[in-house]
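Chains as they are written, first to last, in the UniProt record's numbering: chain A, 1 to 328; chain B, 1 to 328.
Don't read these hints as lab results, they were simulated from the structure. Some hints could be false.
Said to hold, decoys possible - Here are the simulated BS3-like pairs of lysine-lysine, each with C-alpha atoms no more than 25 angstroms apart in a straight line: (1) Lys-290/B to Lys-141/A; (2) Lys-22/B to Lys-139/A; (3) Lys-181/A to Lys-57/A; (4) Lys-317/B to Lys-22/A; (5) Lys-22/A to Lys-312/B; (6) Lys-139/A to Lys-139/B; (7) Lys-312/B to Lys-297/B; (8) Lys-139/B to Lys-22/A; (9) Lys-22/B to Lys-317/A; (10) Lys-312/A to Lys-297/A.
In this text the structure is predicted, and so the values were computed from the model without any measurement.
There are 2 protein chains.
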Amino acid sequence: MDEFSFIRSIAPSAYQQSSIIKGIGDDAAVFRPSGQDVVTAVDTMVDGVHFSLETMKPYHIGYRALAANISDLAAMGSVPAFYLVSVVVPPEWNSTGLEELYRGMKDLAAQYRMDVIGGDTVSGSELSVSITVIGYVDKDKGRYRSDARAGDVVFVTGTLGDSRAGLECLLKGSTVNDEEKTFLIHRHQMPEPRASFAQALAGVERLALNDISDGMANEANEIAEASEVDIHLEKEQIPFTPTVKEFFSDYYDEWMLAGGEDFELMGTVSAEEWPEVIKAADRVGLKVSKVGIVKEKQKDNPMVYLHEQGTKRVVTKTGYTHLTKKGE
Amino acid sequence: MDEFSFIRSIAPSAYQQSSIIKGIGDDAAVFRPSGQDVVTAVDTMVDGVHFSLETMKPYHIGYRALAANISDLAAMGSVPAFYLVSVVVPPEWNSTGLEELYRGMKDLAAQYRMDVIGGDTVSGSELSVSITVIGYVDKDKGRYRSDARAGDVVFVTGTLGDSRAGLECLLKGSTVNDEEKTFLIHRHQMPEPRASFAQALAGVERLALNDISDGMANEANEIAEASEVDIHLEKEQIPFTPTVKEFFSDYYDEWMLAGGEDFELMGTVSAEEWPEVIKAADRVGLKVSKVGIVKEKQKDNPMVYLHEQGTKRVVTKTGYTHLTKKGE
Numbered sequence: 001m002d003e004f005s006f007i008r009s010i011a012p013s014a015y016q017q018s019s020i021i022k023g024i025g026d027d028a029a030v031f032r033p034s035g036q037d038v039v040t041a042v043d044t045m046v047d048g049v050h051f052s053l054e055t056m057k058p059y060h061i062g063y064r065a066l067a068a069n070i071s072d073l074a075a076m077g078s079v080p081a082f083y084l085v086s087v088v089v090p091p092e093w094n095s096t097g098l099e100e101l102y103r104g105m106k107d108l109a110a111q112y113r114m115d116v117i118g119g120d121t122v123s124g125s126e127l128s129v130s131i132t133v134i135g136y137v138d139k140d141k142g143r144y145r146s147d148a149r150a151g152d153v154v155f156v157t158g159t160l161g162d163s164r165a166g167l168e169c170l171l172k173g174s175t176v177n178d179e180e181k182t183f184l185i186h187r188h189q190m191p192e193p194r195a196s197f198a199q200a201l202a203g204v205e206r207l208a209l210n211d212i213s214d215g216m217a218n219e220a221n222e223i224a225e226a227s228e229v230d231i232h233l234e235k236e237q238i239p240f241t242p243t244v245k246e247f248f249s250d251y252y253d254e255w256m257l258a259g260g261e262d263f264e265l266m267g268t269v270s271a272e273e274w275p276e277v278i279k280a281a282d283r284v285g286l287k288v289s290k291v292g293i294v295k296e297k298q299k300d301n302p303m304v305y306l307h308e309q310g311t312k313r314v315v316t317k318t319g320y321t322h323l324t325k326k327g328e
Numbered sequence: 001m002d003e004f005s006f007i008r009s010i011a012p013s014a015y016q017q018s019s020i021i022k023g024i025g026d027d028a029a030v031f032r033p034s035g036q037d038v039v040t041a042v043d044t045m046v047d048g049v050h051f052s053l054e055t056m057k058p059y060h061i062g063y064r065a066l067a068a069n070i071s072d073l074a075a076m077g078s079v080p081a082f083y084l085v086s087v088v089v090p091p092e093w094n095s096t097g098l099e100e101l102y103r104g105m106k107d108l109a110a111q112y113r114m115d116v117i118g119g120d121t122v123s124g125s126e127l128s129v130s131i132t133v134i135g136y137v138d139k140d141k142g143r144y145r146s147d148a149r150a151g152d153v154v155f156v157t158g159t160l161g162d163s164r165a166g167l168e169c170l171l172k173g174s175t176v177n178d179e180e181k182t183f184l185i186h187r188h189q190m191p192e193p194r195a196s197f198a199q200a201l202a203g204v205e206r207l208a209l210n211d212i213s214d215g216m217a218n219e220a221n222e223i224a225e226a227s228e229v230d231i232h233l234e235k236e237q238i239p240f241t242p243t244v245k246e247f248f249s250d251y252y253d254e255w256m257l258a259g260g261e262d263f264e265l266m267g268t269v270s271a272e273e274w275p276e277v278i279k280a281a282d283r284v285g286l287k288v289s290k291v292g293i294v295k296e297k298q299k300d301n302p303m304v305y306l307h308e309q310g311t312k313r314v315v316t317k318t319g320y321t322h323l324t325k326k327g328e
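If we strip away everything but chain A, and leave its shape as in the complex, we get:
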């Protein structure tokens, strides 16, 4: 199928977003924000690097690629509106595979009434999917990782490590029972970005927010660095799916900190507003857990620590931990 007829085939017959002025079918798309700020991010996934066709069907690749992008919008507190997608398609792919990939995106987009407003499908030797997302946020209500303050509660949504455990089930199988296995695999192939929760937090005055795409260790360090604070995590408070701890006891610690791709949110909020965060989570039926606190930084560089039964370990971006030395 040639590029132009394919792009026309994915053009929506009707647009969901009322701010659309010109959709697919000209040199570019046009939209009209109504006094809100515009939020945008791009993310690219390559076959063999970010996913494998052995563990993901084309449908999942599309779904997950868009989920990762929506997750970035959620982490800014913004409401998803549009996406533009660019796919490099290798010669062995047929149009069915490509249609399935787009259907995965479309199904997820429908949940947020997002419209596809641009696209490019080009030939290449290796499958890659690049998505640009666009969302709206009320003026000066963007949620930045630089907004953590000493005294804040540190929280995460959902459970961590599920996606990595799901991948393990796909790659190596496991003795996890079928129902639990299906759950974990679903978490890997079709992660749910926390955009509704992020919107439910709109009333909170100050909030630092990051999405957990590269593991909690990385995101906590990013917040600590951007806000110039120390973050202290309590290992016992980090939320997990019992199956993961039970069946993958050797890897559980590592996946919890560095597994990534759960697309949960990590944030910090003042102790006064923490109850508002709990209420927001309740309203959207999502679990939220306090996992630590923010303190003034004690050294030149902001640090992340993991406390467990009286021990205190330094946590690096990659999830590596080591015991603190005396006075550290």
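Add chain B to chain A, keeping to what the hints say.
Using the frame of chain A, we list chain B on its own:
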């Protein structure tokens, strides 16, 4: 170099666009349009398909990829503001090559005071560059290909076929003198999108506009289709660089219609406003040529015709032409 340190290395130290709220360094970027419409498009180029490292240096690849995208914004009548870039980098590339590629984009972006506000650099087996551009246009002043009307003047900017001739010089050499060869190669490697001209046209009431990325034959057909009109081109009026006609006489016709990648603009405007277009071109020092007229469509499908010394040929999207049959 790891992905994160690279992205930080390309983050601007200061942003040119006053509407930027949050640049690179969080989950997404934030900007604040001031009552204008927002225009956006994505375009992807793959090594071996859209360019070759044999004829383009990394600097040119970056420059040309962004030029193609700015050209889309120009064709909508919009002012370029931001871009997000995603590069798939093969293992044999070193950081110097990647820096050169970004430098090519940055140099062109500087001409339009555009800011890079997002990026992703990922590993893969094959170089590809995907760029999303964002621009502003006054409300309801977007220039659409559906706005051509019977009686309009059809015009193009600059000269056509230069980029293709430049590629030929690079691939096969030629007997063109050095100065002319340098000009043609420059047109291929560092095309100048016509964004300033598009902005100079702001006062024109109605205008259909397309950028010539896939050849004049394709763009004329797109305007004809979208506006449901016939377009009649006069071959003698189509602007060319004399060298191209002289040295590439066997290919000149083909390149003029289907060469593409000149990134000139093609448009239609009422005869009353045509002088305004000429004035706008004068103001930015650009050549603009009347190349035909728009007529009511005579058949079920909109058609593009090429007239030459009494003959009349049908022009397809790919640049193929055939003589009209009696009554056609």
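Verification of the supplied hints:
The suggested pairing of Lys-290/B with Lys-141/A is violated, with an alpha-carbon distance near 50 angstroms, which exceeds 25 angstroms. With a CA separation close to 12 angstroms, the supplied pair Lys-22/B and Lys-139/A stays within the 25 angstroms bound. For the suggested pair Lys-181/A and Lys-57/A, the alpha carbons sit about 17 angstroms apart, so the restraint of at most 25 angstroms is met. Under the criterion of a C-alpha separation no larger than 25 angstroms, the hint pairing Lys-317/B with Lys-22/A is consistent with the structure, at around 23 angstroms.
Taking the CA atoms of Lys-22/A and Lys-312/B, the gap is near 35 angstroms; set against the 25 angstroms cutoff, the hint is violated. Annotation: proposed proximity of Lys-139/A to Lys-139/B holds, straight-line Cα distance about 20 angstroms (limit 25 angstroms). Under the criterion of a C-alpha separation no larger than 25 angstroms, the hint pairing Lys-312/B with Lys-297/B is consistent with the structure, at around 15 angstroms. The suggested pairing of Lys-139/B with Lys-22/A holds, with an alpha-carbon distance near 12 angstroms, which does not exceed 25 angstroms.
Among the hinted pairs, Lys-22/B with Lys-317/A is consistent with the structure: their alpha-carbon atoms are about 23 angstroms apart, no more than 25 angstroms. Between Lys-312/A and Lys-297/A, the direct Cα distance comes to roughly 15 angstroms. Compliance with the 25 angstroms bound is thereby established for this hinted pair.
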